[in-house]
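Participant: With these hints in hand, go ahead and build the complete structure from the sequences.
Same order as they appear, the protein sequences are chains A and B.
For the first sequence, counting from 1, position 189 maps to 188 in numbering that gives the first Met the number 0; every step adds exactly one.
For the second sequence, counting from 1, position 232 maps to 231 in numbering that gives the first Met the number 0; every step adds exactly one.
Treat the hints with care, since some could be wrong.
Derived lysine to aspartate or glutamate pairs resembling EDC-like cross-links, with alpha carbons at most 16 Å apart [claimed, not checked]:
#1 B:K254 - A:E223
#2 A:K238 - B:D229
#3 B:K335 - A:E223
#4 A:K278 - B:D229
Note that these hints are calculated values from the structure, not bench results.
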Amino acid sequence: MIFKSIRLKEGLFERTITFSEEVNLIHSAKNSCGKTTLLRFMLYALGYNIPNTRKIKFDHCEVELIINCEKVGIISLLRYSDIAIEIILEDKKKTFVLPEQQNELHKIIFGTDNTDILGNLLGAFYVDQEKGWTLLNRGVVIGSIHFNIEELIRGLAGCDCSDLIRKEAQFSREKIKYKQMFSVAQYRDALTEEAGELVTDSYEEESDVAVNQLLLHKNRIQAELRRIDNTLSDNRRFKKFVADMKLLVQAPDGETFPVTENNIVGLNDAIDLLIAKRKMVSSELAIVLGKLERLEKEKDKEYEQMEFYKSASQLEIFDKRIARMPMNPVAIKHEIERIEMEIKAIRTEISNITKSNNSVVSAISKNIIKYAVELGLGDKDTIPATYLFTSNLKELSGAILHKTAFAFRLAYIIAIEDVLKIKLPIILDSPSGKEVDQANIKLMTDILKRDFADHQIIIASIFSYDFDKVNTIEIKERLIETN
Amino acid sequence: MEEEVLAKSRRANAVMFGFEFQVNAAIVLMIENIEDLKTIRLEGNFEDIELELENNRYILAQAKAVEKSSSDFRNVRKNLEKSLVSLSEGSQKVDAQQLILITNSPNPLNEDASRSIFWGEAHRDFLSLPVSSKKLIEGYLDKISHPLKTDNFMIQVLPFETDNDIEKYKVVKRVIDDFIGDMNLNIPGLGKKLMSLWHEEVFKNGTKNDAAIQLKKKDVVWPIMVIATDVNCYDDSFAEAFDLGAYDEIVRQYKETIESCCEHCEFFIKVLCDYNEYQTTKKQSEKCLDFVMHKWKEYLPEFELDVMEEEIKKGLIQIILYKIIRNRIVIQNIKKGVKL
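Facilitator: Structure (structure tokens):
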């Protein structure tokens, strides 16, 4: 992918900047002129959720970016608000809502719909001046955008851990809930300790038990009523059915008479019995409902009284209700521990799947080692193959961390190119920071010149760099001024 | 001030007591006339208690209660006079078969001559009263423009005193128990259940504003059958033949199934028909049990449940058959007893 040009418009001011396909240097003589802002505008126009810089609010600006993609050719992206982006591709306009449709947009630009890859591309090709030079394999790229090497590898290797990830997310959600519960339980315990009287409201407990019993009773009676009603209607239907048949029967003495609903032995009695039963059961139900209502009223009255007498009653009512909640902090704690174990196990499983048996891992590792050696960070024997997944950043400092971050990015970009067949641009913000001396800068530029000559390189710096052909974008006082 | 409050609460108590007596008097009169009864009503259009009979004639009653009935006779004559006036008016409006003053006073005329004949329970019609009592009553009647006919008049004494329910309701309870006995219902606790049921049914009706609502005999009698046919009721003969522990367990688990089978006419008509055709050498009273014990297998297809143990299946079917036949017999007996 190549950045062709960008047009920035803020109020009356407007500037169009054209990029070369090779090396671009965004340069200013002094600091704080807008180099970083320009880089961020480019990413913002790609649809990323990028934070403002202090001087320019992105959502007050209009940004039009023209890029050339390997898969679909020239795309024009126009972004004039936080929530949407408009693209023109082959003369067709299309609008994407952000951040919901960010992946759909990036699918067009980068030519993959694998969310594991799409989510981690920015961390590979963009090195932020603050966070970027300390980011190796997982962490913040910029703002709220994260990079995770395991995700990227899974995406590139096409292995699917979505079930495990879903499971992990579910457990994490549960854990949050249990933690809340735990703090409530602790609060409840504190209540019991400090104010015995308020909490051990046995009357309330008793009345709750009474209410529950009445509710059970009510349910039973209602079930019986339903049964009686069903039977009654069945019997009435039968009665009508018999009456409609108009049967004649002959008694042993030869007399014939019609079968009617009234001369079937026991039928009317059964109906009368059911009616009487229904009456009795309903009056029983009425009594139970009356009792229930009275109890509920009493309880309401109690709460109302508390509200009346005390101004801080909200808190007191809350305490009271919390105190009534049966909760065992120990059991909850065990549950939290269990969930944490589960989460840990799932994470280990995910990372095992990611790390093991994976050609992507070995390719990236190989490149990291290659560039690390070249940058003077060690050799094959001092850098282990699993270094890719290191979480030990503390032992790296200053220029070493800086160069390591650089080596990692380059390895990622090569790996992505292998899979997606696209050449990502390389955007470096202030590569000369962190007391990196000219010798080291030269090592880095040499690698870029040799291995990444066909990638677009965009560097923002107050220094100049030794490339054969550099398109310098000069920023004087302000980034956006009519040119 | 305090005295006033006390007096007020005494008056309120007296009203409550009077009403309670009225309810119980109505129950007693109802049972005594249950065979001919059509409807019963408290605080009706004409009198305190009205019983309408099948022949469309009426029994009208005035209920007069005295709280300390065995010692306080101050107001009994006033009560008598009021009742005579009211009953005379009532007899003008409807065709009265009987006019009753029902009271808890053992000395309703407050005179020595009649005192002994009213002791305990009493049903004294006018003609059976001593001469002095007749004169006393006729004296009051003379003052009334359309007096009642004395040969319809009766004074009935229903003992009803103290706050102790057992003592207070002892006669009412006995009347109810006798009534149950007449119907050959051998069900423990039925008298008590019936009494509280009637107290509520009759009492509730009495507190309604609309005097036109009356309790039909059916409304009074069917609750008895509901209690008598309860799934937990059985006769001694059955108790001897059946393991009662198993019975309770099956009833506890399958109460709904049992009730549903007993109530659904498609099923019970079939059972009653089979029972009717069933021939046995046993006595009529043993036929039911005999049928249940020998015929239960024929109903197995209706209960095709593999998961149920054979013993339980057998018990369940037997209980259902037994309940259907027994309920039929119980209902018939009660209906015959009360001529419903």
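Participant: Does each hint hold? Answer for all of them.
Facilitator: Each hint tested on the structure:
| no. | hint | in the structure |
| --- | --- | --- |
| 1 | B:K254 - A:E223 | 11 Å, holds |
| 2 | A:K238 - B:D229 | 24 Å, violated |
| 3 | B:K335 - A:E223 | 29 Å, violated |
| 4 | A:K278 - B:D229 | 15 Å, holds |
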